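Student: Protein sequence lines, in the order shown, are assigned to chains L and W. Residue 478 in the UniProt record's numbering sits at position 478 of the first sequence; the count goes up by one each step and never skips. Residue 255 in the UniProt record's numbering sits at position 255 of the second sequence; the count goes up by one each step and never skips.
These aren't lab readings, by the way, just hints derived from the structure by calculation. The model shown is predicted, which means the values in this text are computed figures rather than measured ones.
Subject to a maximum C-alpha distance of 25 Å in a straight line, what follows is the list of computed DSS-like cross-link-like pairs (lysine-lysine): (1) Lys330/W to Lys331/L; (2) Lys316/L to Lys252/W; (3) Lys331/L to Lys71/W; (4) Lys279/W to Lys212/L; (5) Lys394/L to Lys462/W; (6) Lys343/W to Lys331/L; (7) Lys331/L to Lys407/W; (8) Lys331/L to Lys308/W; (9) Lys331/L to Lys416/W; (10) Lys394/L to Lys410/W; (11) Lys284/W to Lys433/W; (12) Lys331/L to Lys39/W; (13) Lys252/W to Lys211/L; (14) Lys433/W to Lys242/W; (15) Lys584/L to Lys31/W; (16) Lys393/L to Lys462/W; (17) Lys52/L to Lys31/W; (18) Lys546/L to Lys463/L; (19) Lys74/L to Lys63/L.
These are the residues of each chain, in order.
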Amino acid sequence: MGAGHLERKLRRMFKIPVKGENSEFRSGLVSQYSDERKDTIQRVIAAMTVGKDVSSLFPDILKNIATHDLEQKKLVYLYLMNYAKTNPELCILATNTFVQDAEDPNPLVRALAIRTMGCIRVNEMVDYLAIPLKRTLEDDNPYVRKTAAICVVKMFALNTKLCVEQGFLDTLLSMLNDSNQMVVANAISALLEISKMGGSQLLNIDSRIMKKLLITLNECTEWGRISILTAMENFDTSDVTEVDHIIEKVTPQLQHENPAVVLSSIKVILKQMDKVSNDQRERLLRRLASPLCSLLSNPPEIQYVALRNIRIILEKYPHILSNDLQAFFVKYNDPLYLKLEKIDILVRLANAGNAALLLAELREYAMEVDIELVNRVVNVIGQLAIKITEISKKAVDVLYELYLNRSSYVLEQLVIVIQNILRRYPKKYLPTVITIIADLNFDDLSNTESLASYIWIIGQYSKEIPHLEDKLEIMALQFKELEPLVQAAALTAIVKINLTKSTPKTRQFLQKILNEATTEIENADIRDKAYIYWRILSTDDEELQKSIVLKRLPVLESTIDTFSPLLLKQLISEISNLGSVYYKPAVTFIKPKAENEALVNNATLQSKKLEELQQMAKSEIVNNAVKAETLLDFDDSEENQDSAAPVDTPMGSIGIGATTGAANILDELSDLFSGMTTQPQPGTTSSAIASTSTSTSPSPAAGSTSNLFELINQQKHKTITGSSTTHDDLLNLF
Amino acid sequence: MASVVYFLDNRGRPLLHRDYKWDIPSTAVEKFPILLLEKSSNGDAVGSLEDGSTVPVLNSDGVHYIYLMHKNLYILALTREDTNAFAILCYLDSLVRVLEGYLKSLEEESIRDNFSIIYELLDEMMDYGVPQITDQKILKEYITQESFTLKTMFRPSGSKKKPGSTTVFKERMAPSAVTNAISWRSSGIVHKKNEAYLDVVESIDMLINPKNQILSSEIHGEIKLRSTLSGMPELVLGLNEKFMNSCINAVKGLPPIDNTKKSIEVEDVKFHQCVRLGKFESEKMISFIPPDGECNLFSYRVHSSTLKPMFLIDYKVRNHSNTRLEIMVKVRANFKSRISARKLEIRVPVPRDVDSPKYHYNKGSLKYLPNESVILWKFHKIDGAKEYVMIAELLLPSVADELELNKFRKIPLNLKFEMQGFVTSGLQVKYLKIREPKMNYQSYPYVRYITKSGDHYEVRVK
Numbered sequence: 001m002g003a004g005h006l007e008r009k010l011r012r013m014f015k016i017p018v019k020g021e022n023s024e025f026r027s028g029l030v031s032q033y034s035d036e037r038k039d040t041i042q043r044v045i046a047a048m049t050v051g052k053d054v055s056s057l058f059p060d061i062l063k064n065i066a067t068h069d070l071e072q073k074k075l076v077y078l079y080l081m082n083y084a085k086t087n088p089e090l091c092i093l094a095t096n097t098f099v100q101d102a103e104d105p106n107p108l109v110r111a112l113a114i115r116t117m118g119c120i121r122v123n124e125m126v127d128y129l130a131i132p133l134k135r136t137l138e139d140d141n142p143y144v145r146k147t148a149a150i151c152v153v154k155m156f157a158l159n160t161k162l163c164v165e166q167g168f169l170d171t172l173l174s175m176l177n178d179s180n181q182m183v184v185a186n187a188i189s190a191l192l193e194i195s196k197m198g199g200s201q202l203l204n205i206d207s208r209i210m211k212k213l214l215i216t217l218n219e220c221t222e223w224g225r226i227s228i229l230t231a232m233e234n235f236d237t238s239d240v241t242e243v244d245h246i247i248e249k250v251t252p253q254l255q256h257e258n259p260a261v262v263l264s265s266i267k268v269i270l271k272q273m274d275k276v277s278n279d280q281r282e283r284l285l286r287r288l289a290s291p292l293c294s295l296l297s298n299p300p301e302i303q304y305v306a307l308r309n310i311r312i313i314l315e316k317y318p319h320i321l322s323n324d325l326q327a328f329f330v331k332y333n334d335p336l337y338l339k340l341e342k343i344d345i346l347v348r349l350a351n352a353g354n355a356a357l358l359l360a361e362l363r364e365y366a367m368e369v370d371i372e373l374v375n376r377v378v379n380v381i382g383q384l385a386i387k388i389t390e391i392s393k394k395a396v397d398v399l400y401e402l403y404l405n406r407s408s409y410v411l412e413q414l415v416i417v418i419q420n421i422l423r424r425y426p427k428k429y430l431p432t433v434i435t436i437i438a439d440l441n442f443d444d445l446s447n448t449e450s451l452a453s454y455i456w457i458i459g460q461y462s463k464e465i466p467h468l469e470d471k472l473e474i475m476a477l478q479f480k481e482l483e484p485l486v487q488a489a490a491l492t493a494i495v496k497i498n499l500t501k502s503t504p505k506t507r508q509f510l511q512k513i514l515n516e517a518t519t520e521i522e523n524a525d526i527r528d529k530a531y532i533y534w535r536i537l538s539t540d541d542e543e544l545q546k547s548i549v550l551k552r553l554p555v556l557e558s559t560i561d562t563f564s565p566l567l568l569k570q571l572i573s574e575i576s577n578l579g580s581v582y583y584k585p586a587v588t589f590i591k592p593k594a595e596n597e598a599l600v601n602n603a604t605l606q607s608k609k610l611e612e613l614q615q616m617a618k619s620e621i622v623n624n625a626v627k628a629e630t631l632l633d634f635d636d637s638e639e640n641q642d643s644a645a646p647v648d649t650p651m652g653s654i655g656i657g658a659t660t661g662a663a664n665i666l667d668e669l670s671d672l673f674s675g676m677t678t679q680p681q682p683g684t685t686s687s688a689i690a691s692t693s694t695s696t697s698p699s700p701a702a703g704s705t706s707n708l709f710e711l712i713n714q715q716k717h718k719t720i721t722g723s724s725t726t727h728d729d730l731l732n733l734f
Numbered sequence: 001m002a003s004v005v006y007f008l009d010n011r012g013r014p015l016l017h018r019d020y021k022w023d024i025p026s027t028a029v030e031k032f033p034i035l036l037l038e039k040s041s042n043g044d045a046v047g048s049l050e051d052g053s054t055v056p057v058l059n060s061d062g063v064h065y066i067y068l069m070h071k072n073l074y075i076l077a078l079t080r081e082d083t084n085a086f087a088i089l090c091y092l093d094s095l096v097r098v099l100e101g102y103l104k105s106l107e108e109e110s111i112r113d114n115f116s117i118i119y120e121l122l123d124e125m126m127d128y129g130v131p132q133i134t135d136q137k138i139l140k141e142y143i144t145q146e147s148f149t150l151k152t153m154f155r156p157s158g159s160k161k162k163p164g165s166t167t168v169f170k171e172r173m174a175p176s177a178v179t180n181a182i183s184w185r186s187s188g189i190v191h192k193k194n195e196a197y198l199d200v201v202e203s204i205d206m207l208i209n210p211k212n213q214i215l216s217s218e219i220h221g222e223i224k225l226r227s228t229l230s231g232m233p234e235l236v237l238g239l240n241e242k243f244m245n246s247c248i249n250a251v252k253g254l255p256p257i258d259n260t261k262k263s264i265e266v267e268d269v270k271f272h273q274c275v276r277l278g279k280f281e282s283e284k285m286i287s288f289i290p291p292d293g294e295c296n297l298f299s300y301r302v303h304s305s306t307l308k309p310m311f312l313i314d315y316k317v318r319n320h321s322n323t324r325l326e327i328m329v330k331v332r333a334n335f336k337s338r339i340s341a342r343k344l345e346i347r348v349p350v351p352r353d354v355d356s357p358k359y360h361y362n363k364g365s366l367k368y369l370p371n372e373s374v375i376l377w378k379f380h381k382i383d384g385a386k387e388y389v390m391i392a393e394l395l396l397p398s399v400a401d402e403l404e405l406n407k408f409r410k411i412p413l414n415l416k417f418e419m420q421g422f423v424t425s426g427l428q429v430k431y432l433k434i435r436e437p438k439m440n441y442q443s444y445p446y447v448r449y450i451t452k453s454g455d456h457y458e459v460r461v462k
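Between the sequences and the hints, there should be enough to build the whole structure, so can you do that?
Tutor: Below you can see the structure in the form of C-alpha cells.
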C-alpha cells in the first residue's frame with residue numbers, strides 16, 4: 001500500500017502520463033491482498049472525483065461489495081450510486097448484498113444499506129427496495145428508522161405507484177407518533193417533500209398533531225426543528241388559547257443558535273400575529289427585534305438573505321426595528337451586495353430621532369470608491385430628505401457637497417434625486433439645487449433617466465435656468481435620437497416652456513419637436529402624446545391650455561419602493577424561502593414539474609398549478625386596476641376583486657373565472673404583470689396609469705399626462721373606458 | 001431542500017460534489033462561473049470572480065444556485081424547487097465548520113487529499129437534501145479515519161483515554177447520541193478528573209471617528225464551557241441578578257428595567273442547543289447537560305451607552321509631493337493604570353507597493369505587511385493611561401496613482417487587543433452547580449473573564 005502510494009506521488013510529481021490507468025485499476029481491484037484492493041478503490045473514487053470516467057470498472061468494483069470494512073463499503077456504495085445508471089443490469093448483482101446488509105446486526109450498516117439503495121435509481125433495484133424498506137421502517141434502532149423515513153421519499157420519486165400501493169405514506173404518517181424525535185422530524189421532512197413532489201398536502205395538521213409537534217420541537221436537532229416549524233406554517237386556527245400556546249412554545253426558539261431555526265420561528269410567529277390582541281402584538285414585535293438583528297452576526301451570505309427577509313417584515317411592521325438602526329451600519333469590508341442591502345434597510349428605519357445620525361453615516365459611505373455604492377447612497381440620501389422633513393435641509397447640503405467634491409461619480413444619480421426633491425419641496429431648496437442644474441449641459445448626462453429628470457427640471461423651472469435657449473437647442477437637435485422616456489419628457493418640457501416663457505426661438509423648437517414627434521417617431525405613445533399637445537395648443541383658449549399643461553403635480557410623499565399589498569402578503573408567507581430572496585412569489589419562478597416522469601399520472605395536478613399561476617397574475621392586475629379606478633373606471637372591478645382575492649390559499653379555489661368584461665381588460669393589461677416587481681417603468685402613457693397605482697416612484701412626464709386625465713374627469717366628461725380608446729376620446733374633446 | 005452540493009475552486013471549477021437527488025444535470029454547475037460574472041452587482045462594469053460582488057442566491061433555467069464563499073472556495077448547493085434558502089445557507093455554513101474541524105483547514109489542497117472522509121461526511125450530514133446531523137462531536141464518534149484521527153482528533157485536555165477504551169469499540173456503532181433526546185452527548189463517558197472551565201469572553205466591535213467619538217459599538221459576549229465530566233451531569237449556571245434580569249427582558253421583549261444611563265442592556269441571547277430554552281424563560285434558570293469537551297454555551301449581545309473607546313488614536317498623514325508619505329499615529333490607553341491590555345495590534349493602512357519604510361517609535365515593534373498593505377504596530381503589553389507615538393516614513397512608488405493615494409485613507413485603522421480579569425457588560429458568574437445523579441462526584445468550576453477586540457474594532461482616520 002505504502003509503495004503504491006509513493007509511486008503515485010512520484011508520478012504526479014513528474015507528471016508521467018499514467019498508462020492504461022483503468023487496466024491498472026482493474027488488476028488492483030482483483031488483487032488477492034485486501035489492502036491493495038481497498039487502496040485501489042480509493043484511487044478509483046479519486047479519479048471519479050476529478051471527473052474521469054471510470055464506469056468501465058463497474059463489474060470489478062462490484063466484486064468488492066461484500067466486505068466487513070465499513071469504510072470500503074461506503075466507497076463501493078458511493079461508486080454504485082454514481083454509475084448505477086450506466087450498468088443497470090449489473091446492479092441486480094448488488095441487490096443481494098444490499099438486502100443482506102439491511103439485516104446486518106450493526107445499525108450503521110443497516111442504515112447505510114437502506115440509504116444507498118434508495119439512491120440507486122435503477123428500476124431493477126426499486127423492485128427489491130420495498131421489502132427491506134418495510135423492515136427498516138420498523139427497525140428497533142431509531143437511527144435506522146430515521147434513515148428509512150427519508151428513503152420513502154426516494155422511493156416515491158422513483159416509483160410513485162409502488163410507494164403508494166405498499167402503504168409507505170401511511171407508515172410515514174404513523175411515524176409521527178414515534179418515540180424518537182429525530183424519527184418524527186425526518187418523517188415530517190419526508191411528508192413535506194412528498195407533498196411538494198405530489199402537489200397535494202399530505203400532512204394535514206390538526207390540533208392534536210400540532211400539540212405533538214410543539215412538544216417535539218423542544219427536543220430535536222436544529223434541522224429537525226426547522227422541518228417541524230415549516231410543517232407548522234400550514235396549521236391554521238382561530239382558537240385564541242391555541243394561538244397563545246403556539247406562541248409560547250415557539251418563542252423560546254428565537255434564542256436558538258442556528259439562525260435558520262430563528263428565522264423559521266419568526267415566520268411561524270408572524271403567521272399567528274394577526275390573531276392576537278394589539279397589546280400582545282406590540283410585545284411580540286419588540287421581542288422579535290433582537291433576534292432579527294442577531295441574524296446579522298453571521299457570514300455575509302447568510303446576512304444577505306436575512307436582510308432580504310427583514311425588508312419584507314419591515315414593510316409589514318415598519319416600526320419593528322426602529323431602535324436598531326446601528327445594527328445595520330455598513331462595515332467597510334462587507335461585500336458590495338451586502339452594503340447595498342444594508343443601505344436600503346437603513347433608510348427604511350429612519351425617523352426624526354435618528355435621521356441626523358443616519359445622514360452622517362451615509363455621508364461617510366458616499367466617500368467610498370465604489371461607484372455603484374456611491375450612487376445608491378446618493379439615492380438614499382434623497383429618499384431620506386423626502387421621507388423626513390426635519391433632516392431635509394442637511395441632506396440637501398450633503399448632496400450639494402457631494403456635487404462639489406465628487407461630481408464625476410454622482411452626477412447622473414444626483415440629477416434624478418434633485419428632481420424628486422423638487423417634487424417634494426418645490427420651492428424650499430430651489431436656490432441650492434438649481435445652481436447644480438444651471439451648470440449642467442445636455443451633453444453632461446448620458447443615462448436615460450437622468451436626462452429625463454434634467455429635462456423635466458428645465459421645463460418646470462425654466463425661469464431659473466440661464467442660457468435656456470442653448471440648452472433647448474441641443475435637445476431639439478437630438479430629439480429624434482433620444483430614448484422614448486427622454487422624448488416624452490422633452491415634449492412636455494418644451495410645451496410648458498412655451499406657455500410660460502415663450503420666445504421666437506422656443507416656438508421654433510416646439511414646432512420642430514412636434515413635427516418630428518408626429519411624423520418621424522415610431523413610438524406610438526410619443527406620437528399620441530405629441531398629437532394631444534398639438535390639439536390642445538391649437539385651441540385659442542390659452543387659459544385652458546395653461547390649466548391643463550401647467551397643473552401642479554401632487555407632492556411626492558416617498559420615493560422608497562414598496563410591494564403591492566398582495567405581493568407583500570405572499571412574500572410574508574414565503575419568508576426564508578427562495579421567493580423572499582427574489583421578491584417574487586414562488587409560482588413565478590418554479591416550473592410545474594412537467595419533466596418528472598414519476599408524476600406523469602398526476603397530470604391534473606399540474607394543470608391546477610398552471611391555473612393557479614394565471615389566477616395569481618389576474619388578481620394582481622385586477623388589484624392594480626382597482627386602485628387605479630380614479631383613472632379607469634371599470635364597471636365590474638369591485639366584484640372581480642372579491643372573486644380573485646383568495647389566491648393565498650395555495651391549492652384551494654380553482655376555477656374562479658374572472659368575469660368576461662374584466663378579462664379583456666386583464667388581457668390588455670397582462671403585460672403589466674411584470675410590473676409587479678418593485679421597479680415600475682414610468683414614462684409611456686399606458687404604463688403611467690398602472691404605475692401610479694403600484695408605486696410612488698416619480699414619473700413627472702407621465703404625471704402631467706395623468707393630470708390631464710384628472711382635469712378631463714373634473715370637467716364632467718364621460719369616463720374613459722379603456723386605454724386603447726383613450727386618445728380618440730381625447731381628440732374628440734377638442 | 002438541496003439537490004446537490006458542490007465544492008468549487010476560486011474559478012468556479014468543481015473539486016468534489018455529492019448528488020442527492022439527481023434532478024439537475026451537470027451542465028448546470030458549468031454555468032455557475034458565468035452566472036457569477038453576469039449577475040455581479042457591479043452592474044455593467046466587468047466584475048472579477050474574486051471580489052465576491054455577486055449575491056449568494058441566483059437562478060438560471062429553473063435551477064437555483066445558493067452558495068457561500070469560504071477562503072478561496074465556493075460551496076454551492078443547487079435546487080430546482082422552492083425551498084428554504086436560508087436553511088440551506090446555514091447548512092452550508094455548518095458543513096464548512098464541520099469540515100474545518102475534521103481537516104483543520106478547508107481549502108483546495110485538503111479537499112483533494114481527504115476526499116473519502118468528505119464523501120462520508122456528506123453522506124451522513126445530509127440525506128436526499130434534508131440536513132441530518134451537523135454536530136461535530138457526534139459525527140466524530142462514528143465517522144473516523146486513521147489518517148486524520150492521529151493528527152486532528154480533538155481530545156479534551158485532562159482526559160487522555162487509554163488505548164482500547166470505549167471509543168474504539170464505538171467507532172463502528174451508531175452512537176446512541178445520534179438519535180437520543182440528548183443528541184449532543186453519548187452515555188458512558190468516564191473521566192479521571194471531573195473538571196469544568198468557564199470562559200466569559202466579550203468581543204468589542206467599535207467604530208470610532210477621528211475625534212475619538214464612538215459611532216457605533218457592539219459587545220458580543222460568549223460563555224464557553226470546557227468540561228471533562230463523567231456520566232450525564234446536570235449543570236446549572238447562575239449569573240448575577242442584574243444581568244439575568246436584563247437577559248429575561250431581552251428575551252421577552254420588555255423594555256429595559258431602569259432607564260438610567262448606567263444600565264446595561266442585553267439585546268440578544270442565544271443558547272447552545274443543550275440549554276433548556278423553556279426553563280430559562282419560565283424559571284430564570286440556565287440548566288443543561290453539557291456536551292463533552294468544549295462548547296459555546298451561551299452567547300449574547302450587549303448595548304452599552306457608557307462604553308468608552310479603549311484606545312484613543314491620533315492620526316496624521318503628510319504627503320510630500322506624492323513621493324514620500326509620513327504617517328504619525330499616537331495611541332493612548334484609555335483605561336485605569338492598574339489594568340493593562342495584552343497583544344495590542346494596530347493595523348495602519350498604507351498605499352499599495354510603498355517602499356523602504358522607516359520608523360520612529362517609542363514602544364512595541366513595527367512591520368510592513370505588503371500583502372495586506374498595512375503597517376502593523378505590535379505591543380506585547382500596554383499599561384493603562386500610557387501614551388505612545390510612532391512615525392512611519394514611506395517612499396511612494398514612482399507611478400503612484402491619485403486614486404490609490406486617496407483610497408488607503410478611507411480604510412479605517414484596525415485594532416486588536418485582549419484584556420483579562422473583567423468584562424464590560426458586568427456579567428458575573430455566581431455559581432456553576434454540577435450534579436451527576438448516579439456517580440455523585442465532586443467537581444469545582446473555574447471561571448476566567450476576558451475582554452477583547454472583535455473583528456471590527458476600527459478607527460476612521462478621515
